[in-house]
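Visitor: Given the sequences, and given the hints that come with them, work out the whole structure.
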Amino acid sequence: MPSRVIMAQIAAPFGVKGWVKVYSYAEPPEGLLDFPVWQLGREDVWHERRVVEARVHGSPVLAVRFEGIDEREQAAELRGFKVAVDREALAALPDGQYYWADLIGLAVLNADGMRLGVVERLMETGANDVLVVRGERERLIPYVRPDVVRAVDLAAGELRVDWDADF
1 MPSRVIMAQI AAPFGVKGWV KVYSYAEPPE GLLDFPVWQL GREDVWHERR VVEARVHGSP
61 VLAVRFEGID EREQAAELRG FKVAVDREAL AALPDGQYYW ADLIGLAVLN ADGMRLGVVE
121 RLMETGANDV LVVRGERERL IPYVRPDVVR AVDLAAGELR VDWDADF
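In terms of UniProt numbering, the sequence shown has 56 at position 56, counting the first letter as 1, and numbering is strictly consecutive.
I should point out that these hints are in silico values taken from the structure, not numbers from a laboratory.
The following label-pair restraints were derived from C-beta to C-beta distances: (1) GLU138 - ARG50: 30 to 40 Å; (2) VAL148 - ASP70: 44 to 54 Å; (3) PRO94 - PRO142: 12 to 22 Å; (4) LEU140 - GLY41: 22 to 32 Å.
What you are looking at is a predicted structure, and each value in this text was computed from that prediction instead of being measured.
Yeah, the Cβ is synthetic: ideal placement off N, Cα and C, and Gly gets one too.
Guide: Structure, rendered in C-alpha coordinates:
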(Lines of atoms letter the chains of each structure in order from A and count residues from 1; the text may use other names and numbers.)
(Lines give C-alpha, C1' and ligand atoms only; values in the text may rest on other atoms or scores of the structure.)
Protein backbone atom coordinates (compact mmCIF):
# COMPACT_ATOMS: atom_id res chain seq x y z
CA MET A 1 0.00 0.00 0.00
CA PRO A 2 1.21 3.54 -0.66
CA SER A 3 2.85 5.31 2.28
CA ARG A 4 0.67 8.37 1.74
CA VAL A 5 -3.08 8.68 1.41
CA ILE A 6 -4.61 11.37 -0.80
CA MET A 7 -7.07 13.32 1.35
CA ALA A 8 -7.81 16.48 -0.65
CA GLN A 9 -6.96 18.71 -3.58
CA ILE A 10 -6.07 22.38 -3.61
CA ALA A 11 -8.65 24.18 -5.72
CA ALA A 12 -7.63 27.85 -5.87
CA PRO A 13 -6.12 30.78 -4.00
CA PHE A 14 -8.45 32.42 -1.48
CA GLY A 15 -7.96 36.10 -0.75
CA VAL A 16 -4.66 37.98 -1.02
CA LYS A 17 -2.74 36.72 2.04
CA GLY A 18 -1.69 33.25 0.90
CA TRP A 19 -4.81 31.26 1.76
CA VAL A 20 -6.04 28.46 -0.51
CA LYS A 21 -9.36 26.67 -0.94
CA VAL A 22 -8.99 22.94 -0.36
CA TYR A 23 -11.55 20.34 -1.47
CA SER A 24 -11.42 17.75 1.33
CA TYR A 25 -12.17 14.07 0.71
CA ALA A 26 -12.18 13.35 4.46
CA GLU A 27 -15.35 12.43 6.30
CA PRO A 28 -16.12 14.77 7.94
CA PRO A 29 -14.25 17.25 5.69
CA GLU A 30 -12.78 19.15 8.65
CA GLY A 31 -11.22 15.89 9.88
CA LEU A 32 -8.30 16.74 7.62
CA LEU A 33 -7.50 19.62 9.98
CA ASP A 34 -6.46 17.08 12.64
CA PHE A 35 -3.20 16.68 10.71
CA PRO A 36 -0.83 19.65 11.25
CA VAL A 37 1.57 18.67 8.44
CA TRP A 38 0.35 17.89 4.93
CA GLN A 39 2.18 16.49 1.94
CA LEU A 40 1.50 18.50 -1.21
CA GLY A 41 2.33 17.21 -4.65
CA ARG A 42 1.71 16.24 -8.21
CA GLU A 43 2.71 12.86 -9.62
CA ASP A 44 6.04 11.89 -8.02
CA VAL A 45 7.09 15.28 -6.61
CA TRP A 46 5.93 15.83 -3.03
CA HIS A 47 6.90 18.22 -0.23
CA GLU A 48 5.64 18.84 3.29
CA ARG A 49 3.84 21.99 4.40
CA ARG A 50 2.73 22.92 7.91
CA VAL A 51 -0.83 24.25 8.28
CA VAL A 52 -0.76 27.48 10.32
CA GLU A 53 -4.40 28.56 9.98
CA ALA A 54 -7.49 26.81 8.72
CA ARG A 55 -11.26 26.94 8.83
CA VAL A 56 -14.29 25.34 7.22
CA HIS A 57 -15.43 27.34 4.22
CA GLY A 58 -18.58 25.39 3.36
CA SER A 59 -18.53 21.61 3.31
CA PRO A 60 -16.40 20.00 1.88
CA VAL A 61 -14.27 23.11 1.26
CA LEU A 62 -11.64 24.29 3.72
CA ALA A 63 -9.74 27.57 3.71
CA VAL A 64 -6.10 26.93 4.66
CA ARG A 65 -2.90 28.93 5.05
CA PHE A 66 0.47 27.19 5.05
CA GLU A 67 3.69 28.23 6.73
CA GLY A 68 5.79 30.25 4.27
CA ILE A 69 2.89 31.01 1.91
CA ASP A 70 1.93 34.64 2.53
CA GLU A 71 0.86 36.02 -0.84
CA ARG A 72 -1.81 35.20 -3.39
CA GLU A 73 0.80 34.53 -6.09
CA GLN A 74 2.46 31.88 -3.92
CA ALA A 75 -0.92 30.32 -3.17
CA ALA A 76 -1.81 30.26 -6.88
CA GLU A 77 1.23 28.05 -7.55
CA LEU A 78 -0.39 25.34 -5.38
CA ARG A 79 -3.55 25.12 -7.53
CA GLY A 80 -4.26 21.50 -8.48
CA PHE A 81 -1.83 20.00 -5.95
CA LYS A 82 -3.00 16.85 -4.19
CA VAL A 83 -2.98 16.83 -0.39
CA ALA A 84 -1.85 13.66 1.36
CA VAL A 85 -1.06 12.48 4.86
CA ASP A 86 1.17 9.65 6.05
CA ARG A 87 -0.72 6.36 6.20
CA GLU A 88 0.78 5.73 9.66
CA ALA A 89 -0.97 8.87 10.94
CA LEU A 90 -4.43 7.50 10.12
CA ALA A 91 -6.48 5.88 12.83
CA ALA A 92 -6.75 2.10 12.73
CA LEU A 93 -10.19 0.95 11.58
CA PRO A 94 -12.24 -1.93 12.97
CA ASP A 95 -12.26 -5.17 10.99
CA GLY A 96 -14.45 -4.90 7.92
CA GLN A 97 -14.03 -1.12 7.54
CA TYR A 98 -11.74 0.41 4.95
CA TYR A 99 -10.44 3.77 3.89
CA TRP A 100 -11.66 4.70 0.42
CA ALA A 101 -8.03 5.09 -0.65
CA ASP A 102 -7.51 1.38 0.08
CA LEU A 103 -10.42 0.34 -2.16
CA ILE A 104 -9.36 2.41 -5.16
CA GLY A 105 -7.47 0.21 -7.62
CA LEU A 106 -8.91 -3.10 -6.41
CA ALA A 107 -10.07 -5.56 -9.07
CA VAL A 108 -13.82 -6.17 -8.85
CA LEU A 109 -15.06 -9.72 -9.47
CA ASN A 110 -18.64 -10.95 -9.38
CA ALA A 111 -19.90 -14.20 -7.83
CA ASP A 112 -19.13 -16.05 -11.08
CA GLY A 113 -15.50 -14.91 -10.92
CA MET A 114 -15.93 -12.55 -13.86
CA ARG A 115 -13.75 -9.46 -13.67
CA LEU A 116 -16.00 -6.39 -13.91
CA GLY A 117 -13.19 -3.85 -13.77
CA VAL A 118 -11.25 -1.83 -11.24
CA VAL A 119 -12.49 0.56 -8.55
CA GLU A 120 -11.73 3.96 -10.04
CA ARG A 121 -13.26 6.05 -7.26
CA LEU A 122 -16.11 6.14 -4.77
CA MET A 123 -18.89 8.64 -4.37
CA GLU A 124 -21.42 9.49 -1.72
CA THR A 125 -25.07 9.43 -2.68
CA GLY A 126 -26.72 9.97 0.68
CA ALA A 127 -28.21 6.49 1.02
CA ASN A 128 -24.89 4.65 0.66
CA ASP A 129 -21.49 4.98 -0.95
CA VAL A 130 -21.12 3.86 -4.55
CA LEU A 131 -18.13 2.18 -6.20
CA VAL A 132 -17.32 3.58 -9.63
CA VAL A 133 -15.90 0.54 -11.43
CA ARG A 134 -14.11 0.98 -14.75
CA GLY A 135 -13.82 -2.02 -17.04
CA GLU A 136 -15.03 -2.42 -20.60
CA ARG A 137 -17.60 0.14 -19.41
CA GLU A 138 -18.32 2.10 -16.26
CA ARG A 139 -20.45 0.45 -13.58
CA LEU A 140 -21.91 2.05 -10.48
CA ILE A 141 -22.10 -0.56 -7.73
CA PRO A 142 -23.52 0.31 -4.31
CA TYR A 143 -21.13 -0.34 -1.45
CA VAL A 144 -23.62 -2.29 0.65
CA ARG A 145 -22.17 -5.03 2.85
CA PRO A 146 -22.83 -7.90 2.85
CA ASP A 147 -25.70 -7.78 0.32
CA VAL A 148 -23.70 -6.44 -2.64
CA VAL A 149 -20.08 -6.26 -1.50
CA ARG A 150 -19.35 -9.80 -0.32
CA ALA A 151 -15.63 -9.66 0.44
CA VAL A 152 -12.70 -7.27 0.40
CA ASP A 153 -9.22 -8.79 0.16
CA LEU A 154 -6.64 -6.01 0.22
CA ALA A 155 -3.73 -8.47 0.13
CA ALA A 156 -5.04 -10.07 -3.08
CA GLY A 157 -6.15 -6.71 -4.50
CA GLU A 158 -9.73 -7.94 -4.97
CA LEU A 159 -13.23 -6.92 -4.08
CA ARG A 160 -15.97 -9.56 -4.58
CA VAL A 161 -19.51 -8.45 -5.36
CA ASP A 162 -22.91 -10.02 -5.92
CA TRP A 163 -23.52 -8.17 -9.19
CA ASP A 164 -24.80 -9.30 -12.56
CA ALA A 165 -22.28 -8.70 -15.35
CA ASP A 166 -25.06 -7.27 -17.53
CA PHE A 167 -25.75 -4.40 -15.12
